[in-house]
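J.: Now for the letters of each chain:
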Amino acid sequence: SQELEQSPQSLIVQEGKNLTINCTSSKTLYGLYWYKQKYGEGLIFLMMLQKGGEEKSHEKITAKLDEKKQQSSLHITASQPSHAGIYLCGADKPSGTYKYIFGTGTRLKVLA
Amino acid sequence: GAVVSQHPSWVICKSGTSVKIECRSLDFQATTMFWYRQFPKQSLMLMATSNEGSKATYEQGVEKDKFLINHASLTLSTLTVTSAHPEDSSFYICSAPRGREQYFGPGTRLTVT
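Taken in sequence, the protein lines are chains V and C.
Following the working numbering, the residues of the first sequence are numbered contiguously, the last one being 122.
Following the working numbering, the residues of the second sequence are numbered contiguously, the last one being 115.
Derived by calculation from the structure, the hints in this document are not laboratory data.
None of these values were measured; they are calculated from a predicted model.
Even glycine gets a Cβ: it sits at the ideal position worked out from N, Cα and C.
A few of these clues could be false.
Among chain V residues calculated to face chain C with C-beta under 10 Å, some are [what the hints assert, rightly or not]: (1) Ser20; (2) Tyr43; (3) Tyr49; (4) Gly50; (5) Glu51; (6) Gly52; (7) Leu53; (8) Phe55; (9) Met58; (10) Ile96; (11) Leu98; (12) Asp102; (13) Thr114; (14) Gly115.
Straight-line C-alpha distance at most 27 Å; calculated DSSO-like pairs for lysine-lysine [what the hints assert, rightly or not]: (15) Lys27(V) - Lys43(C); (16) Lys43(C) - Lys74(V); (17) Lys43(C) - Lys22(C); (18) Lys37(V) - Lys43(C); (19) Lys66(C) - Lys43(C); (20) Lys43(C) - Lys48(V); (21) Lys27(V) - Lys48(V); (22) Lys16(C) - Lys68(C); (23) Lys46(V) - Lys43(C); (24) Lys43(C) - Lys70(V); (25) Lys119(V) - Lys43(C); (26) Lys22(C) - Lys57(C); (27) Lys48(V) - Lys16(C); (28) Lys70(V) - Lys48(V); (29) Lys119(V) - Lys74(V); (30) Lys66(C) - Lys16(C); (31) Lys48(V) - Lys22(C); (32) Lys22(C) - Lys66(C); (33) Lys119(V) - Lys46(V); (34) Lys79(V) - Lys46(V); (35) Lys27(V) - Lys70(V); (36) Lys27(V) - Lys74(V); (37) Lys37(V) - Lys79(V); (38) Lys68(C) - Lys57(C); (39) Lys37(V) - Lys78(V); (40) Lys68(C) - Lys43(C).
Looking at chain V on its own, in the form it has when it is part of the complex:
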């Protein structure tokens, strides 16, 4: 089964600092999704990446997909306390039931 490993596992940064979260797959990535969540709450969809080299931005968050490395990175510029939460990458299989799995998660805390 495909595994998605995220790093770092947790992160504490000072407000205004930039940060990067990585998501590495043990198998070929056909689509990679990024979500933000707080435990006990629903998922907030951030963005979806489908092609190698694709890069997308949403406000101060940018994500990139490196198909060769089977990896995606999420970069937050000038972090704010509102960015705090759990960041999850997700991926599906290329066909069939589109079984969907999540990465191990990265807990982000931003200090004001």
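Once you've looked at the hints, dock chain C against the given chain V.
T.: Showing chain C alone in chain V's frame:
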């Protein structure tokens, strides 16, 4: 956009009782739905794939008799936690695919006392 609902959003039950959680796709049909479980400070773990008209497919390590899944219709899947124990306390989320997109329910927080 597509919407998936879950009911209840929050439930407390006594140890030994069973709890049913519903997952509905509100404006589209879903022959497949997925159930996830999340512990505090951890990621979401896929528990099982709910299949309309056939048995659910469970991930390794998930007890079938403990977590009963029924895909009653093209818009409804239910997860029943049987003989619940405190260690079953968790956050449960369902999702339904529409094309290549996954739509997630808001989750159900289960507390077993």
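J.: Taking the hints in turn, state whether each one holds.
T.: Checked hints:
Look at Ser20(V): its Cβ gets to within about 8 Å of chain C, closer than 10 Å, so that hint holds up. For Tyr43(V), the interface hint holds, the least distance from its beta-carbon to any beta-carbon of chain C being 7 Å, beneath 10 Å. For Tyr49(V), the suggested interface contact is upheld, since its CB lies about 5 Å from the closest CB of chain C, less than 10 Å. For the restraint placing Gly50(V) at the interface with chain C, the shortest Cβ-Cβ distance is roughly 5 Å, inside the 10 Å limit, so the hint holds.
For the restraint placing Glu51(V) at the interface with chain C, the shortest Cβ-Cβ distance is roughly 7 Å, inside the 10 Å limit, so the hint holds. A least Cβ separation of about 4 Å between Gly52(V) and chain C falls short of the 10 Å threshold, and the interface hint therefore holds. A least Cβ separation of about 5 Å between Leu53(V) and chain C falls short of the 10 Å threshold, and the interface hint therefore holds. For Phe55(V), the interface hint holds, the least distance from its beta-carbon to any beta-carbon of chain C being 8 Å, beneath 10 Å.
With a cut of 10 Å, the hint placing Met58(V) at the interface with chain C holds, because the nearest CB-to-CB distance is about 8 Å. This hint holds: Ile96(V) has a C-beta 8 Å from the nearest C-beta of chain C, less than the 10 Å allowed. Annotation: Leu98(V) was flagged as interfacial toward chain C, and the flag holds, the nearest CB pair being 6 Å apart, inside 10 Å. For Asp102(V), the interface hint holds, since its Cβ comes within 10 Å of a Cβ in chain C; the closest pair sits about 7 Å apart.
Taking 10 Å as the C-beta contact cut-off toward chain C, the hint placing Thr114(V) at the interface holds, the least distance being around 5 Å. Among the interface hints, the one on Gly115(V) holds; its C-beta lies about 4 Å from the nearest C-beta in chain C, closer than the 10 Å criterion. With a C-alpha separation of about 23 Å, the suggested pair Lys27(V) and Lys43(C) falls inside the 27 Å cut-off, and the hint holds. For a cut-off of 27 Å, the pair hint linking Lys43(C) to Lys74(V) stands: about 25 Å separates their Cα positions.
For the hint pairing Lys43(C) with Lys22(C), the CA-to-CA distance comes to about 24 Å; that is within 27 Å, so the pair holds. At most 27 Å may separate the alpha-carbon atoms for a hinted pair to count; Lys37(V) and Lys43(C) meet this at roughly 25 Å. For the given pair, Lys66(C) sits about 25 Å from Lys43(C) by alpha-carbon distance, which is consistent with the 27 Å threshold. At roughly 9 Å between alpha-carbon atoms, Lys43(C) and Lys48(V) fall within 27 Å of each other, so this suggested pair holds.
With a C-alpha separation of about 21 Å, the suggested pair Lys27(V) and Lys48(V) falls inside the 27 Å cut-off, and the hint holds. Between Lys16(C) and Lys68(C) the alpha-carbon distance is near 16 Å, which keeps this suggested pair within the 27 Å criterion. Of the pairs offered as hints, the one joining Lys46(V) and Lys43(C) holds, with about 13 Å between alpha carbons and a cut-off of 27 Å not exceeded. With a C-alpha separation of about 24 Å, the suggested pair Lys43(C) and Lys70(V) falls inside the 27 Å cut-off, and the hint holds.
A threshold of 27 Å between alpha carbons decides the hint, and for Lys119(V) with Lys43(C) the separation of about 12 Å falls inside it, so the pair holds. With a CA separation close to 17 Å, the supplied pair Lys22(C) and Lys57(C) stays within the 27 Å bound. Using a Cα cut-off of 27 Å, the hinted pair Lys48(V) and Lys16(C) holds, with the two alpha carbons roughly 26 Å apart. Restraint check: the Cα-Cα separation between Lys70(V) and Lys48(V) comes to about 19 Å, which is no more than 27 Å; the hinted pair holds.
This hinted pair checks out: Lys119(V) and Lys74(V) have alpha carbons roughly 22 Å apart, not beyond 27 Å. Of the pairs offered as hints, the one joining Lys66(C) and Lys16(C) holds, with about 21 Å between alpha carbons and a cut-off of 27 Å not exceeded. The suggested pairing of Lys48(V) with Lys22(C) holds, with an alpha-carbon distance near 23 Å, which does not exceed 27 Å. Annotation: proposed proximity of Lys22(C) to Lys66(C) holds, straight-line Cα distance about 15 Å (limit 27 Å).
Between Lys119(V) and Lys46(V) the alpha-carbon distance is near 13 Å, which keeps this suggested pair within the 27 Å criterion. About 23 Å separates the Cα atoms of Lys79(V) and Lys46(V), which keeps this hinted pair within 27 Å; it holds. Restraint check for Lys27(V) and Lys70(V): the C-alpha separation of about 12 Å stays at or below 27 Å, so the hint holds. Our distance criterion of 27 Å between C-alpha atoms is met by Lys27(V) and Lys74(V), whose separation comes to about 19 Å.
A hinted pair counts as satisfied when its Cα atoms are at most 27 Å apart, and Lys37(V) with Lys79(V) qualifies at roughly 10 Å. Taking the CA atoms of Lys68(C) and Lys57(C), the gap is near 15 Å; set against the 27 Å cutoff, the hint holds. Restraint check for Lys37(V) and Lys78(V): satisfied, since their Cα atoms lie roughly 10 Å apart, inside the 27 Å limit. Taking the CA atoms of Lys68(C) and Lys43(C), the gap is about 23 Å. The hint holds against a cut of 27 Å.
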